[in-house]
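Trainee: Protein chains in written order, with the working numbering: chain A, 1 to 233; chain B, 234 to 466; chain C, 467 to 699; chain D, 700 to 932; chain E, 933 to 1165; chain F, 1166 to 1398; chain G, 1399 to 1631; chain H, 1632 to 1864.
It cannot be assumed that every hint is accurate.
Claimed, not checked - Under 8 Å between C-beta atoms, here's a sample of chain H residues computed to sit facing chain E:
no.: 1; residue: Leu-1710
no.: 2; residue: Thr-1712
no.: 3; residue: Leu-1716
no.: 4; residue: Ala-1730
no.: 5; residue: Val-1757
no.: 6; residue: Ala-1795
no.: 7; residue: His-1818
no.: 8; residue: Ala-1825
Derived from the structure by calculation, the hints contain no laboratory data.
For every residue, glycine included, the Cβ atom is placed at its ideal position computed from N, Cα and C.
Number of protein chains: 8
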Amino acid sequence: MSRDGTPRMDWDRGARTGLPEAVYAEVKTVPQLVAILEDAAARDKALLFTRMEVAQFADLPAEWRARLDHDALSRTAILGTPPALPDVADIAVVAAGLADMPVVGEAVRTLAFCGVRANVIADVGVAGLWRLMERLEDIRAARVVIAVAGMEGALFSVLAGLIAAPVIAVPTSVGRGVAADGHVALHSALASCAPGVVSVNIDNGFGAAQAALRIRTQIEAARLCRDLEGTSG
Amino acid sequence: MSRDGTPRMDWDRGARTGLPEAVYAEVKTVPQLVAILEDAAARDKALLFTRMEVAQFADLPAEWRARLDHDALSRTAILGTPPALPDVADIAVVAAGLADMPVVGEAVRTLAFCGVRANVIADVGVAGLWRLMERLEDIRAARVVIAVAGMEGALFSVLAGLIAAPVIAVPTSVGRGVAADGHVALHSALASCAPGVVSVNIDNGFGAAQAALRIRTQIEAARLCRDLEGTSG
Amino acid sequence: MSRDGTPRMDWDRGARTGLPEAVYAEVKTVPQLVAILEDAAARDKALLFTRMEVAQFADLPAEWRARLDHDALSRTAILGTPPALPDVADIAVVAAGLADMPVVGEAVRTLAFCGVRANVIADVGVAGLWRLMERLEDIRAARVVIAVAGMEGALFSVLAGLIAAPVIAVPTSVGRGVAADGHVALHSALASCAPGVVSVNIDNGFGAAQAALRIRTQIEAARLCRDLEGTSG
Amino acid sequence: MSRDGTPRMDWDRGARTGLPEAVYAEVKTVPQLVAILEDAAARDKALLFTRMEVAQFADLPAEWRARLDHDALSRTAILGTPPALPDVADIAVVAAGLADMPVVGEAVRTLAFCGVRANVIADVGVAGLWRLMERLEDIRAARVVIAVAGMEGALFSVLAGLIAAPVIAVPTSVGRGVAADGHVALHSALASCAPGVVSVNIDNGFGAAQAALRIRTQIEAARLCRDLEGTSG
Amino acid sequence: MSRDGTPRMDWDRGARTGLPEAVYAEVKTVPQLVAILEDAAARDKALLFTRMEVAQFADLPAEWRARLDHDALSRTAILGTPPALPDVADIAVVAAGLADMPVVGEAVRTLAFCGVRANVIADVGVAGLWRLMERLEDIRAARVVIAVAGMEGALFSVLAGLIAAPVIAVPTSVGRGVAADGHVALHSALASCAPGVVSVNIDNGFGAAQAALRIRTQIEAARLCRDLEGTSG
Amino acid sequence: MSRDGTPRMDWDRGARTGLPEAVYAEVKTVPQLVAILEDAAARDKALLFTRMEVAQFADLPAEWRARLDHDALSRTAILGTPPALPDVADIAVVAAGLADMPVVGEAVRTLAFCGVRANVIADVGVAGLWRLMERLEDIRAARVVIAVAGMEGALFSVLAGLIAAPVIAVPTSVGRGVAADGHVALHSALASCAPGVVSVNIDNGFGAAQAALRIRTQIEAARLCRDLEGTSG
Amino acid sequence: MSRDGTPRMDWDRGARTGLPEAVYAEVKTVPQLVAILEDAAARDKALLFTRMEVAQFADLPAEWRARLDHDALSRTAILGTPPALPDVADIAVVAAGLADMPVVGEAVRTLAFCGVRANVIADVGVAGLWRLMERLEDIRAARVVIAVAGMEGALFSVLAGLIAAPVIAVPTSVGRGVAADGHVALHSALASCAPGVVSVNIDNGFGAAQAALRIRTQIEAARLCRDLEGTSG
Amino acid sequence: MSRDGTPRMDWDRGARTGLPEAVYAEVKTVPQLVAILEDAAARDKALLFTRMEVAQFADLPAEWRARLDHDALSRTAILGTPPALPDVADIAVVAAGLADMPVVGEAVRTLAFCGVRANVIADVGVAGLWRLMERLEDIRAARVVIAVAGMEGALFSVLAGLIAAPVIAVPTSVGRGVAADGHVALHSALASCAPGVVSVNIDNGFGAAQAALRIRTQIEAARLCRDLEGTSG
C-alpha cells in the first residue's frame, strides 16, 4: 500500500508463477476494495475475490456491484470475463458432505476463473461407503483430485487408497466439539495411512485450486512439449 | 496404601461392577508389586497386570516370575488360572496395522482373563480397503467390535458405517509428526461421521475390553433373564 | 448433493446399521433443509433434525414448521410420527447440572424418535454426593447409562465405580476458564480411574443415543434369539 | 550466583514469609549443590532439597551423603535435624492411588521439615467410593487437606463436596494417553464443581505443603493472639 | 432438576461445607432462574447469583428484579439481606489493573454475602512496583490475600515473596495475543517461583472467595476453640 | 497380520495406485521384519523400508543385512535392485539447512527406488537469500519441487513465489524452543502467503516423494497419451 | 483504582523508564475513560489511548470527543498536542500486506505521540520478493526496523537476513485456518533462521514502538554523550 | 551442502548483517562438523559453535578438540582467538536463578566471541525482590539488558518497569509441570504489563546476544557518526 492507502497489486505474478492475482477480501475495507477494483479496471485486468461475504459485497458502490459476478455460497466475486470452459473436466472436486459445499465452491470458481472445468462429486462421505464407490469411475477419470472433508476427514485416506492421481486434501471447519475448527480433518490428511496425500490449510479451497493449477500446468507443458518435439522431429 | 506401604486392593469391585481387579504396573515399584501379589495369593484371587514391560517383569523375584503368565507384546501378566475360553467368539478386535498389535493384545488378554474369547481381525487399514471388505462377514458376526487404529484413525468411521454392532474405538499412539501421540486417531474417533462410535483413551486396550465386558454382561443378562421368564412362564 | 444442490440422503442406512437417518441442521441453508424435507415426505420417511436452533426453525416455510415437532431446549425437530414409547425405560440418562439439560434433551429425543424410552436423572453432580446416592437404585435399573456432565466431569468416574452397566459419557461445554469448551470433561471421561467408561464427542447427545441404540439392539437380539431357540427347542 | 559460581541463598526468606529455604535439586550440578551445602553448614542452617533423584544423591561426595537424610520415594533430602513432630496431625494428605505416593511423600517430608505432622490417607480413589467414605472422619479431623490425584482427578471434587476445610489439590502426572502429563487432573481441580478448591502445579507436593504452612501459620496466630488477649484481659 | 424442570438446590450444603448455596446464572433460562428464586423465597433462604449480566437481569420479572440487589460490574445479584459487615477486614483483595475489577467485585460481593469484609487494594501491577510497595502494610494486615491479575500475572510471584499469609491467585482473561484467554496468568500462578501460591480457575472470583472462606473458618474455629478451652480451663 | 503374526502386505497396491509397497520399520520387531522380508523374497518383490535406524538394522540376521542396501543418514533400506536412474532429473529436492538432510535423503531414496532421479539443492535457507537465488535456474528446471525446511519454514513461501511448478513442503522437526517438533514449519507451509503450496506431515520425506510420483505419473501419462494420439493421428 | 473507582495512573513512568503513559482502552468503561481523561487534563498531561474502537470513541461525551484525535484504522486516540515530528525518519515500519495496516498504524501513531517519525514500507510480502528488494535501500536507512506480518510470517526471516539493524517482529492475527490467531507468525519470528530477530506479542504495534523507543533512546544518548565528551574534551 | 556433503557456510554474512557466522552443533554429525572446521581453518575464519554437548565435543578428532575452546556449562565452542574484551561492559545479562546459567553462558560467550563484555547479574529472581533491588544500579548502567528467566518469568515485567534500556527476554525451559518446556516464561515475556519488552525463542541465549549486538552496532554507529560530523564540522 502506498502512503495514501492505494494497494500495490502484484500484477506480474502471472508471468512469474503462472497463477492469477487474487484478493482475499475478508479483512479489507470498502475503500481498499474500490482502489483495487479501479486499479484492475484501469489495467483491464480480470480479478478474483475470495472470502467476500454477502454483507461485504452489499457495501460496495452499486457501479462495482454491477460489474462483479458474486457467488454467495462460495463467497467469491469475479471482475471481468473468465475464459470459456472446455467441455472436458480434468480436475475432480470430491466432497464428503453438504456442509463442505462453500469450500468446494471456492475451489471450483477459482478453477473456472482460470478457464479450467472441474467435475464436482459431492456427498460421498465414508459413513455410507457405497456412495463413494458408485462414483469411483468418475473420480478415476480426473488427472488431479481435490478432496474436501471436515469432521474426521476419513475421506482423504479412503480415496487416496483407491486412485492413482494426486490427491489434494482440503480440510474444512465442519464438525462439533473436538472437530469444530477443522484441525482434526487437517491432521487426518497429514497423518493419512494412504501414501502421497498432500494438504492445504483449513477451508482453503482457493489454495487447493492453485495447487491443482500448478500440477495441471506441468501436465499441459508435457503435452505441448511433446507436440513441439513431434513437430520438430 | 496403608502407612507401611501395603496397597489396599478393591477386591470387592467384582461384586459391585462385575469387572475384575487389575493392576496398572507401569509406575509401581517391585516392593509394591510383590505386596499386591502376596495379598492376592493370600486371598486366592486371580489378578491381571497391565503395562508390565519385559524389564519390569525381569526385576520381580524368581518365585513370582514363575507363577505369572507374562506376555511381552501386550505387556500383560496374569496370576492364577483364567476360566477356559468358549469355542465361539462374540467379540471382534479389528486392527488397522501391525503397530497396533500391542494394544490389540492388551484387549484380547483382558477379555481372556475374564473367560471371553475374541476374534482378531488385523491389518485391515483403509488404505487397502479390500482387506477390510474381505473380512466383513467375520466382523459382522460379533456382538461387540473393538476397533484399534493409530495414524488418522479412518478405520473407525469406515467400519461403523458398515456394521450395526457397538463400535468401541481404541486410538493408538502410532504415527509420526502430528500423529505421534495418538491424538489425531482419538479425535477422529470422537468426530466420526458415522453414528454411534464411542472411544476410550489412547492405547487403552484394557479399557476397551472392560467396556466390551460391560456390554456383554447386559447381553448375557437379557438371555438369562429370558430363560428365567421362560422357566417361570 | 447433486449438481443442482439436492442432497443425497443415505436412506438405506437403517437397513445397514440399524440406525435411522438424521440431519445435522446447524450448517444447512433453508433451501437445503426444504429439499431434504421434500425428499423425506415423498418417500414417507420419518426424519430427525439435530442442532436446529429456534431462529433456524423460524426461518422455515410455515407449511414445514407445521409438520415438524420442534423442541427449543434440545434444538431437535422431528418429521413424522415416532413409534409409541414402551412403559418401561431401559436406558438412563444421568446429568450433573441444569446447564447440561440441552444435551440430555438431544439424547432423549433421539431415543424417543427410535421408540426407546429413557429415564432422566438430573442434577446429581458429585459436589453433593447424596443427590447421586439417592437415585442409585433408579440408575442401576438401566441396561445402558448415558452420563452427561461438563466442568471437571467427575460424575463419569464416580458413576462408573458404582454400577455394572455400560457407561457412555457425554462431556458438555459447560464451565468457565479452562473448562469452557468441554475438553476438561472429555479428558476426564477418557482418563477415568473407573474401568470401562467410553466417551462420545463434546455435547454429542445424539451420538450417545446412537451408541446406546447399538448396544440395545444387541440386547434385544439376544432376547429374541433366545425366544427363537426356545420356540425351536 | 556470584561471578565465581557460588549461589546466593535467600536465607532471610524465613523471616519475611515464615517459610524455610529449600533447594530444587533437579537441574543443579554437583559443584552447585556442594556450594549450597557448605554455605548452609557454615551458617548452621537446616536445608531441604526436593527432586533429588537417587542417582544425583549418589554423585555427591561421601561426607555430604552421610550428613543428608535422603528419601528415595519422595526424592527429598534434609540437612540438619528438623524439629520434633507433635503427636497430633492437623494436616491430612489424601491420595487417590499408589502412583501418587512420591508426591505425597514430598508434601509430608516438607511439612515434617517444618515440624508439622501430616496424616496420610492413601488409596482412596473415587472408583471405589467406599474407600474414601470409610476414612471420612479422619479427613474431617484435619484443619487443612492436601488432596493428591492424577488421571481424571475426580477426587478433588468429591472430597471438597464432603468437607469444610480448605482443600489444596496437587494434580499428578499419573495416567496414560490424554492424562500422561497431569494436565487433565490439573484442569479438573481448577474446573471443580465443588466450591473453593485451589490448586498448585502438577506434581508439586512441596508447593502444596508451603501453602498449607501459610494457612496453618494464620490459624496458629489466631490461637496465640487469643491467648495474648486473654492474658492481657 | 425434576422431570418438570424445577432445579433441586443443595440447600444443606451450608451445614456440610460451611459454604452458602450460589447459582451460576450464565447458562440458565429465565424460567429456571424464577423457579430457583421461588424455591429460595419459600424456604426464606438468601441466595447469591454469579455471572448474571445486565441483559439477563433485565429479562427477569419486575417483582424479582425489585427483590434482587444486582451489581453490574461484578455481574452478581443477591436475594435477601446479607449479614452486616464487621468494621475490620481480615481478607485483602489485591488487583493488578482496572480491567481486573469485575473479578475483584465478584470476590468481594461473595465475601460480603457471607458477612465478611474485604479490603480492596487495586491498580498495583508490578510494572510500577512502587504502587505495590506503598500498600504493603495494608496487605500484610490481612490473614488471607486474594490476588487478581491478568496478562503475565507477575503480581502473584512478587506478592507471595513479600508476605507470609496464604495467597490465592485469580488469573483473569485480561490481555491480548497470547494472553487473551487468561492461560498465561493461570500458568504463571501455578509456576510461580515464590513458594505456596495456590490458584483457582480463570476469572473465578467466586471460587477464590469460597477458598478464603474455608481458610477463615479454620482461623475463626481456632480462636473460638481457644476461648472454649480457656473457659473450661 | 494373520493370527500367527505374519503381516499381510498389500502387494497389489502398485496396480491400484501406481505406488510401490513400503514398510515403516520404526515400530516393528525383528520377527515382523523378517517375516515381511521372507514374504517379499518369496514373491521376488523389491521392498523399501523407511525409518530403519542403524541399531534396528544391526539387529537383523546377517543374511538379511547382506541383502539389504541400508543408508544410515536417511534411515532407509532397500531389498532388491531398483531400476536404473535416467540421466535427467525432473524432480528437485530443495532444502534449507544441513539438519534437514535425513529427510531429504528419505525423499531421494524413495524416488530412486521407483527409478526417478532427483536433483538435490541444499543449504539454501532464506537467511542468506543469495544462496537460493544462485540456484534458481536449477530449481526452475524441475517439474515438481519438494521443499524441505524446519525452524520457521520461510523457504516454502519464498520458493513458491519464485517458481511455477508444484511445491510440496516437507516441514522438519529441526529447531529449538517453539520449533522443536516441527509444528511451526508445518503451519508456515499451510499458512503460506504464496499460492498453491501443499504440505505433507512433519519429517515425511517418503510421503512427499509419493506425492511427487503421483504428479509425475500424470505428466508421463500426458506425454505418452500425446504420443499415442500422434501415432493414431 | 481508588475505592471510588478513580484509576491511579503511573504518571511518573516517563521519568523512570523514558516511556509515556498510555491507556489500553478496550476493556474500560466510559466512566473509567472519562476519569482518566479528567485526571490527565487536570495535570496537563498528553495521553495515548490504544485499542479504542470507533464505537467506543462514539460513546464518549462530546466534549472529550472534540479534544481527542481519534484514528479509526489504528484504533488510537491522542489527548493533547504531540511534539512536532522531525523531517528525517530513523525508524522503518515494514509490513507484508494490507491486512497488517491497523497494527502498522498503532506503531506509527505511538511513535508520533513521542515525537518520532517512522517510514512506512508496506505491501512487501515475500510471495512477491521483488517488492521487498525494490525498497531495500529505504529499509537499510533506518536505525531500527519494526516488521509487521501475519500468515506464516516469512518476512521476518528474509528481512533480518538482509539488514544489520535491530528487527522487532510484530506478528499479526491475519490469516485463516491454522494462522487465524497469529500464533504461526509469532512462532515464525521466534524460530527464525536469521539471527537476532526479537518479537513482541501478536498485534502489539504499541509494544513494538515502545521497544523501538527504548533502543532509540540509547542511540540518542550515545550521540549526546559523545557531544558532551567532545565539549569537555 | 554440496552433493558430497560439504556444508556451504554463509561466510559473507558478517559483511551483510554485521553478525558473525555461527554453527548450531546439536544436530550435526562429526563429519559435518569436521568439514565445517576445515573450511573455516582454510579461510582463517574464527567460528562459534552453540549447543555442542560435552559428549559431542568428545567425539571430535583430538586435533580439533585441541584447537577448540569448549565450555561445558554453556555448551559452546570457539575456534580461533576472539578479540580482546574492553574493560567496560555495556551489556548486562540478568538471570533469575541458578538453573538459567547455561543460557546465560551461551549469551555471554556469544558476546565475547564478538569482542563485547557483558556484566552478569544472577540469582535475582523476584521471589526475593531485595536481591534484584540491590543490583539495580549495576543493571541501570547497561545500554542493553538481556533478562534470562524460566518458571513464570515474572522477572521480565518487574525489570522492565524499573529501567529505561531495551530489555531482551530469554525465557528458559526451567520449571516443572505447566512450566517444564519454557512456554509459560515465553508467554509472560510477550504478555508483559511493562512496555517494550521483546523476546527471543526459549533457551536462545545466542539469539539474544545477536539482537543485543544489532542494537549495540547502532549505538556505536551513532557515536562514530557524531565523531565524524565533529571532525568534518
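Trainee: Should the hint that Val-1757(H) touches chain E count as held when the rule is a Cβ pair under 8 Å?
Mentor: With a minimum Cβ separation of about 5 Å from chain E (threshold 8 Å), the hint on Val-1757(H) holds.
Trainee: When the nearest CB of chain E is found for His-1818(H), is that gap smaller than 8 Å?
Mentor: Cβ of His-1818(H) sits 4 Å from chain E, so the hint holds.
Trainee: Given Ala-1795(H) as an interface hint, is its Cβ closer than 8 Å to any Cβ of chain E?
Mentor: violated, 13 Å
Trainee: Let's test the interface hint: is any C-beta of chain E closer than 8 Å to that of Ala-1730(H)?
Mentor: Ala-1730(H) check fails; min Cβ-Cβ to chain E is 11 Å, beyond 8 Å.
Trainee: Would the hint on Ala-1825(H) be counted as holding, given a Cβ-Cβ threshold of 8 Å to chain E?
Mentor: holds, 4 Å
Trainee: Mind checking the CB of Leu-1710(H) against every CB in chain E and telling me if the closest is under 8 Å?
Mentor: Status violated, d = 38 Å.
Trainee: Is the interface hint satisfied for Leu-1716(H)? The criterion is a beta-carbon contact with chain E at less than 8 Å.
Mentor: violated, 32 Å
Trainee: Given Thr-1712(H) as an interface hint, is the shortest Cβ-Cβ distance to chain E below 8 Å?
Mentor: violated, 39 Å
In summary, the structure is inconsistent with hints 1, 2, 3, 4 and 6 from the numbered list given earlier, while agreeing with the others.
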